[in-house]
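Engineer: Protein chains in written order, with the working numbering: chain F, 1 to 66; chain Y, 67 to 298.
No wet-lab data here; the hints were simulated from the structure.
The structure displayed is predicted, hence computed values, not measured ones.
Careful, some of the hints might be misleading.
[What the hints assert, rightly or not] Which bits of chain Y does chain F cover? Going by a derived footprint, with three or more residues having C-beta under 8 Å, they are:
| hint | region |
| --- | --- |
| 1 | 119-127 |
| 2 | 184-193 |
| 3 | 269-276 |
[Said to hold, decoys possible] Some residues of chain Y that are not near chain F, with every Cβ distance over 12 Å (derived):
| hint | residue |
| --- | --- |
| 4 | A171 |
| 5 | V199 |
| 6 | V263 |
[Claimed, not checked] Incomplete in silico selection of chain Y near chain F, CB under 10 Å:
| hint | residue |
| --- | --- |
| 7 | Q104 |
| 8 | L136 |
| 9 | R139 |
| 10 | L156 |
| 11 | V159 |
| 12 | V255 |
| 13 | E283 |
| 14 | R287 |
For each residue, glycine too, the CB sits at the ideal point set by N, CA and C.
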Amino acid sequence: MSSGSQFVVAAYAVILFVLVMYMVVVGMRSARIARDAELLARLAASPSDPDGVAADAQATAEAAEK
Amino acid sequence: MTETSSGRRLAVIGTATAALTAVAVFGVFFVAPEDADQGIIQKIFYFHVSIAIASLVAFGVGCVAGIRYLRSREQRHDDVSVIAVGLGLLFSVLVLLTGSIWAKASWGTWWVWGDPRLVTFLIVILLYAAYFVLRSSVEGERQRRYSAIFAIAAFASVPLSFYSVRVAQSFVHPVVFTQGGANMPSSMVVWYVVSQVAAIGLFLTMLQLELIQRRAERRLRALKLQLERALA
């Protein structure tokens, strides 16, 4: 491989590395959101949940979103 | 905006970006001619410049979203602004890294302090890095308001960097696009344009992805709070 080619490969490898690292970070964040959602679903479905609490919580979350 | 439409938009933009990136990589390495002067090293140009322009677009989006936040005080504009600035910063760091590699190959040095383009671009990066320092130092509505004002003010440095090389008559950094057109053959311009669209598509995909995540996180936080109160 010529010296010029090595620099080109290095430049594109840097781009690829940064993009892969970005995807890892985004993936980890998604996994955390999924874990939290699962925990909340379990809490909402627990017998100690009074009637309608889960529905109220959902409505609050949607209001917060708006 | 519903989560379904956001997800569909992400799928469309993401697929189009992936296809365009594949076409751009193929075109740059297998179709575009080699530069007579620089040889294969010039191939760095296609993604280096595309990502640089995409970073400036990201800072522009951050500025516009900042203005919209100050006018409406809606959370979603603050979300767009902070994500766009973050992505702009990420792209700028990539520009700096690929530019340094290109400089070493072409000029024999990693960095030239006397070049206005390089120095002003570094100033832009440091300025936008300060955005996150400011953001982490305040909370609540003040955080969003100050961030919006900073994103708008910092955007003034973007045209400064863009035009510095033209005004100061840069000695080292080349000017490819002038008022008279591009200083390269059309067979190269075509692949540059494809790379440019792919880079902007990449920015839009990342923006959409992070927006969806941010909304999901906020909804989950609100749900958690509500359930904690109810179950206490």
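Engineer: Next step is simple, just say for each hint if it's right about the structure.
Structural biologist: The hints, checked one at a time:
With a threshold of 8 Å between beta carbons, the proposed coverage of the region 119-127 of chain Y by chain F is violated, since 0 of its residues qualify and at least three are required. Given as covered by chain F, the region 184-193 of chain Y fails the check, having 0 residues with a CB less than 8 Å from a CB of that chain where 3 are the minimum. Coverage of the region 269-276 of chain Y by chain F holds. Counting CB-CB distances below 8 Å, 3 residues qualify, and the rule asks for three or more. For A171 (chain Y), the shortest C-beta to C-beta distance to chain F comes to about 4 Å, within the 12 Å cut-off, and the non-interface label is violated.
Distance check for V199 (chain Y) against chain F: the nearest CB is about 20 Å away, which clears 12 Å, and the non-interface claim stands. Chain F leaves V263 (chain Y) outside its interface by the beta-carbon criterion, the shortest separation being 16 Å against a cut-off of 12 Å. Interface hint at Q104 (chain Y): satisfied, since its Cβ lies 8 Å from the closest Cβ of chain F, which is below the 10 Å cut-off. For L136 (chain Y), the interface hint is violated, the least distance from its beta-carbon to any beta-carbon of chain F being 19 Å, above 10 Å.
The closest approach between the C-beta of R139 (chain Y) and any C-beta of chain F is roughly 13 Å, which is over the 10 Å cut-off, so the hint fails. The criterion of a C-beta within 10 Å of any C-beta in chain F is met by L156 (chain Y), whose closest approach is roughly 7 Å, and the hint holds. At its closest, the beta carbon of V159 (chain Y) sits 8 Å from a beta carbon of chain F; the interface hint therefore holds under the 10 Å criterion. A hinted interface residue such as V255 (chain Y) counts as satisfied when its beta carbon comes closer than 10 Å to some beta carbon of chain F; here the least separation is about 19 Å, so the hint is violated.
Restraint check, E283 (chain Y) versus chain F: the minimum CB separation of about 6 Å is within 10 Å; hint holds. Proximity of R287 (chain Y) to chain F holds as hinted, the smallest CB-CB distance being about 8 Å (cut-off 10 Å).
Hint violations for this structure: numbers 1, 2, 4, 8, 9, 12, all remaining hints satisfied.
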